[in-house]
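Colleague: These are the residues of each chain, in order.
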Amino acid sequence: MKYAFYPGCVAKGGTPELYQAMTAVGEKLGLELHELTGAACTGAGVITERDPFAGDVVNSRTFAMAEQLGLPVMTICSTCTGVMMGVKGRVDAHDDYRERVNQLLADEDLHYSGQTDVKHLLWVLVEDLGLDKLKAMVVNPLQGMRLAPFYGCYVVRPSKDVDPLRLGRMGYLEKVIEALGAEPVEEYRGKDKCCGFPLLETNRRGSLALTGKRLAEARDAGADALVTPCPLCHLNLDGQQPETPEAGRVDAMPVMHLPQAIGLAIGITPERLGLHRHIIDTKKILAKVAVAG
Amino acid sequence: MDIKLKVRRQNPEADDKPFWKDYAVEVPEYYTLLDALLKVREEVDETLALRCSCRSHICGSCGMRVNGHAALACKTKLSDIDQGAVTVEPMGNMPVIRDLVVDLEPFWNKLYSIKPYLQPATDPPEREYVVPNDTMFHLDGVVNCIMCGACVSDCESLSVNPIFIGPTALAKEYRFVADPRDAADRERLTQMNGPGGVWDCTHCFQCVEVCPKDVAPMERIMAMRRMMMDMGMEQNNGAKRANAFMDLVGSYGRLDETRLLMRSVSGLGELMSFSKVGLRALWKGKLPPLRPHRIAGAPAVRRILERARNQRPRRFKVHQAQEEGVRA
Numbered sequence: 011m012k013y014a015f016y017p018g019c020v021a022k023g024g025t026p027e028l029y030q031a032m033t034a035v036g037e038k039l040g041l042e043l044h045e046l047t048g049a050a051c052t053g054a055g056v057i058t059e060r061d062p063f064a065g066d067v068v069n070s071r072t073f074a075m076a077e078q079l080g081l082p083v084m085t086i087c088s089t090c091t092g093v094m095m096g097v098k099g100r101v102d103a104h105d106d107y108r109e110r111v112n113q114l115l116a117d118e119d120l121h122y123s124g125q126t127d128v129k130h131l132l133w134v135l136v137e138d139l140g141l142d143k144l145k146a147m148v149v150n151p152l153q154g155m156r157l158a159p160f161y162g163c164y165v166v167r168p169s170k171d172v173d174p175l176r177l178g179r180m181g182y183l184e185k186v187i188e189a190l191g192a193e194p195v196e197e198y199r200g201k202d203k204c205c206g207f208p209l210l211e212t213n214r215r216g217s218l219a220l221t222g223k224r225l226a227e228a229r230d231a232g233a234d235a236l237v238t239p240c241p242l243c244h245l246n247l248d249g250q251q252p253e254t255p256e257a258g259r260v261d262a263m264p265v266m267h268l269p270q271a272i273g274l275a276i277g278i279t280p281e282r283l284g285l286h287r288h289i290i291d292t293k294k295i296l297a298k299v300a301v302a303g
Numbered sequence: 442m443d444i445k446l447k448v449r450r451q452n453p454e455a456d457d458k459p460f461w462k463d464y465a466v467e468v469p470e471y472y473t474l475l476d477a478l479l480k481v482r483e484e485v486d487e488t489l490a491l492r493c494s495c496r497s498h499i500c501g502s503c504g505m506r507v508n509g510h511a512a513l514a515c516k517t518k519l520s521d522i523d524q525g526a527v528t529v530e531p532m533g534n535m536p537v538i539r540d541l542v543v544d545l546e547p548f549w550n551k552l553y554s555i556k557p558y559l560q561p562a563t564d565p566p567e568r569e570y571v572v573p574n575d576t577m578f579h580l581d582g583v584v585n586c587i588m589c590g591a592c593v594s595d596c597e598s599l600s601v602n603p604i605f606i607g608p609t610a611l612a613k614e615y616r617f618v619a620d621p622r623d624a625a626d627r628e629r630l631t632q633m634n635g636p637g638g639v640w641d642c643t644h645c646f647q648c649v650e651v652c653p654k655d656v657a658p659m660e661r662i663m664a665m666r667r668m669m670m671d672m673g674m675e676q677n678n679g680a681k682r683a684n685a686f687m688d689l690v691g692s693y694g695r696l697d698e699t700r701l702l703m704r705s706v707s708g709l710g711e712l713m714s715f716s717k718v719g720l721r722a723l724w725k726g727k728l729p730p731l732r733p734h735r736i737a738g739a740p741a742v743r744r745i746l747e748r749a750r751n752q753r754p755r756r757f758k759v760h761q762a763q764e765e766g767v768r769a
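Order-wise, the sequence lines are chains B and Z. Taking our numbering, the leading residue of the first sequence gets 11, the next gets one more, and so forth. Taking our numbering, the leading residue of the second sequence gets 442, the next gets one more, and so forth.
There may be inaccurate statements among the hints.
No farther apart than 25 Å at their CA atoms in a straight line, the calculated lysine to aspartate or glutamate pairs in the DMTMM-like style are these [what the hints assert, rightly or not]: (1) B:K170 to Z:D581; (2) B:K185 to B:D171; (3) B:K185 to Z:D523; (4) Z:K518 to B:E197; (5) Z:K462 to B:E253; (6) Z:K462 to B:E196; (7) Z:K518 to B:D173; (8) Z:K445 to B:D261; (9) Z:K725 to B:E184; (10) Z:K717 to B:E188; (11) Z:K458 to B:E196; (12) Z:K725 to B:D291; (13) Z:K717 to B:E256; (14) Z:K458 to B:E256; (15) Z:K447 to B:D261; (16) Z:K458 to B:E253; (17) Z:K654 to B:E253; (18) Z:K516 to B:D173; (19) Z:K447 to B:E196.
According to the in silico footprint, chain B covers these stretches of chain Z (three or more CB under 8 Å from chain B) [as the list claims (entries may be wrong)]: (20) 588-602; (21) 685-691.
Source of the hints: derived by calculation from the structure; they are not laboratory data. Heads up, the beta-carbon is just placed ideally off N, CA and C, and yes, glycines get one too.
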């Protein structure tokens, strides 16, 4: 399985442990990842907010690069995925519009035909690799762990963009957690809700209140940790956790990136997965699982 | 088919807190959730309170949360949703009057506060307004709003920030701001540029997802942010973030979260409030590098952003066209 790998800015910036974990996990799962080093930021919705056409062109440029390699794009960020799927919704279906987009790509001899597939790692695991195969690779089942799924808005909404064929992609994270031997916290109400990150600069109090709410819901549901396919959510749920209204009064809640949870189960060391680089200590998780040496 | 409904009930005057009540009924395959709830009320439990009227997704009365998210009960076919047990709750972000009936007064008050009527610059013309087709077509979706409250129910921002004016009122505001006949756009946008306005939206797409009429409130909110920035309302964190974002991606091809934050927040005090978070990240070796990595082809990305900006369409307003002597 080969992919044009789009790590996104945050995996190479504020959450370097995600990139580190994905590299290790990709190797072990047999995913051949060709990193698109020349691809630009998706804009995380902000370029689209400022100038939708610019956002569509910048992302089509990435799709054109993947097309040159003849590979589908694989992402590891809910936000990148959502933005790309939204762009595809506008650009793929309309030949005239795509032509306008392509005029701005011609400078670099790039051309987007409207065919590039975009998949988050989460979708790759279920749709391409297969849960049975993933299960077969588990050497350290995360038994006894209650992991709350935290999707990140953009990998589940709008569903017409991110799950156009109605494959039931909202539900994949629970399935993956189960395949890793852990117990998905099904009753966790926060799973498809907002982490607060997009409000961080414009209404910090509101942002932290949302983060705190999601963490409280996880605690109330009896979760040992959260698992997220979105590094922007991680920036708030982990990085801003000590700043949330309830911090200090209640137990801290560790937050794993999706590839870290996979890595632990398929026998990669916590060190290589960068689990020591979190703001909220992950020892609590490691104590629960028999981790490979 | 047999259907199980798990309904969240409460009579605030008598009950300390809400409770769940289960109902099992047999219904035909073609039934909607509303049909089933009415059957429960008529045949099983006459005390169950709910609102409804047209039963054909026109009136917007039967908004409620179905399996966790807002929907119109009359538009929800039972055969389309999980039949193990359907959970039914009153809409969120609104006080419960009884069972599935919520108090919509705060909802209406927010809607009235935006002056939801046309404010043209002059008296209406003798005959109809003349405007180019494409200046009205894009309003198709937003005029479809039936004010059911589904978007407000599931609004994440409202759940922690009661002063946020919310998606229904903001979508309605856009409906007038973007209407070529309305001349109060600057005044409207100035009002929405403050606390509780467009910058308090958390961009979570909940309103877009649950709207039964494809009004896409969040998209309208983003469009108003853009209009404000294009009008020069750029002295707020949101606009500063958008401009800094464009500039950083134009310079490096990628985002640098630290620089983005530093250029988005206002003043030393606000910056200091983030410093603890930064120091913790630094301690864990997580701060992005001091000099951001520049992608190959960054200059091409800058060119794209600049050329795209020059293609931004100009908005058409009747009063401006009249002043400039342009005919539609």
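Colleague: Between K717 of chain Z and E256 of chain B, is the straight-line Cα distance small enough, at 25 Å or below?
Modeller: Distance of about 17 Å is within 25 Å: holds.
Colleague: For a C-alpha distance cap of 25 Å, please report whether K725 of chain Z and E184 of chain B respect it.
Modeller: Not OK: K725 of chain Z and E184 of chain B at ~29 Å, beyond 25 Å, violated.
Colleague: Does D581 of chain Z lie within 25 Å of K170 of chain B when you go C-alpha to C-alpha?
Modeller: holds (19 Å)
Colleague: Going straight from one Cα to the other, do K518 of chain Z and E197 of chain B come out at no more than 25 Å?
Modeller: holds (24 Å)
Colleague: For the pair we were handed, K717 of chain Z and E188 of chain B, check the Cα-Cα distance against 25 Å.
Modeller: violated (36 Å)
Colleague: How does the region 588-602 of chain Z fare against chain B when you require at least three residues with a CB closer than 8 Å, holds or violated?
Modeller: Our answer is that it holds, as 5 residues pass the Cβ test (under 8 Å) against chain B, meeting three.
Colleague: Can the restraint linking K462 of chain Z and E196 of chain B be considered satisfied, given a maximum Cα separation of 25 Å?
Modeller: holds (21 Å)
Colleague: Assess, step by step, whether the Cα of K654 of chain Z is no farther than 25 Å from the Cα of E253 of chain B, and give holds or violated.
Modeller: violated (38 Å)
Colleague: Is it true that the CA of K462 of chain Z sits at most 25 Å from the CA of E253 of chain B?
Modeller: With a Cα-Cα distance of about 38 Å, the restraint between K462 of chain Z and E253 of chain B is violated, given a limit of 25 Å.
Colleague: Next pair to validate is K458 of chain Z with E256 of chain B; report whether the Cα-Cα distance is within 25 Å.
Modeller: holds (23 Å)
Colleague: Check the hint pairing K445 of chain Z with D261 of chain B against an upper bound of 25 Å on the C-alpha distance.
Modeller: violated (37 Å)
Colleague: Take the C-alpha atoms of K458 of chain Z and E196 of chain B, compute the straight-line distance between them, and say whether it is at most 25 Å.
Modeller: Given that 25 Å is the threshold and the Cα spacing comes to 24 Å, the pair holds.
Checked against the numbered hints above, the structure breaks hints 5, 8, 9, 10, 15, 16 and 17 and satisfies the rest.
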